[in-house]
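Start from the sequences and build out the full structure, keeping to the hints where you can.
Taking the numbering used here, the leading residue of the sequence shown gets 1362, the next gets one more, and so forth.
Watch out, some of these pointers could steer you wrong.
Lysine-lysine pairs mimicking DSSO-like chemistry, simulated, CA-CA at most 30 Å apart [claimed, not checked]:
| id | residue 1 | residue 2 |
| --- | --- | --- |
| 1 | LYS1386 | LYS1404 |
| 2 | LYS1368 | LYS1410 |
| 3 | LYS1398 | LYS1388 |
| 4 | LYS1404 | LYS1368 |
| 5 | LYS1404 | LYS1388 |
| 6 | LYS1377 | LYS1410 |
| 7 | LYS1410 | LYS1398 |
| 8 | LYS1398 | LYS1386 |
Computed Cβ-Cβ distance ranges for the label pairs, DEER-style [claimed, not checked]:
| id | residue 1 | residue 2 | range |
| --- | --- | --- | --- |
| 9 | SER1380 | GLU1411 | 18 to 26 Å |
| 10 | GLY1409 | ASN1366 | 18 to 26 Å |
| 11 | CYS1373 | ASN1406 | 16 to 24 Å |
Derived from the structure by calculation, the hints contain no laboratory data. Cβ atoms here follow ideal geometry from the backbone N, Cα and C, with glycine treated the same way.
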Amino acid sequence: MTYKNEKVFYACLNQKKSSAPEHIKDKGIYIAGDLAKTLRDLKENIAGKEM
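Here it is, written out as structure tokens:
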């Protein structure tokens, strides 16, 4: 579905490093880490830029 739809961007978050399917490597982001910590860090980063 990601490959077929030009408006879609794929996001994947796993505890361990994972690999992206070749056909959607340019349409996605792959993050290895803890979901709660990643979202907390992202929120702090965004809040810091709003000032």
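For each hint, the structure was consulted:
no. : hint                             : result
1   : LYS1386 with LYS1404             : holds, 25 Å
2   : LYS1368 with LYS1410             : holds, 26 Å
3   : LYS1398 with LYS1388             : holds, 24 Å
4   : LYS1404 with LYS1368             : holds, 24 Å
5   : LYS1404 with LYS1388             : holds, 23 Å
6   : LYS1377 with LYS1410             : holds, 29 Å
7   : LYS1410 with LYS1398             : holds, 19 Å
8   : LYS1398 with LYS1386             : holds, 24 Å
9   : SER1380 with GLU1411: 18 to 26 Å : violated, 34 Å
10  : GLY1409 with ASN1366: 18 to 26 Å : violated, 32 Å
11  : CYS1373 with ASN1406: 16 to 24 Å : holds, 19 Å
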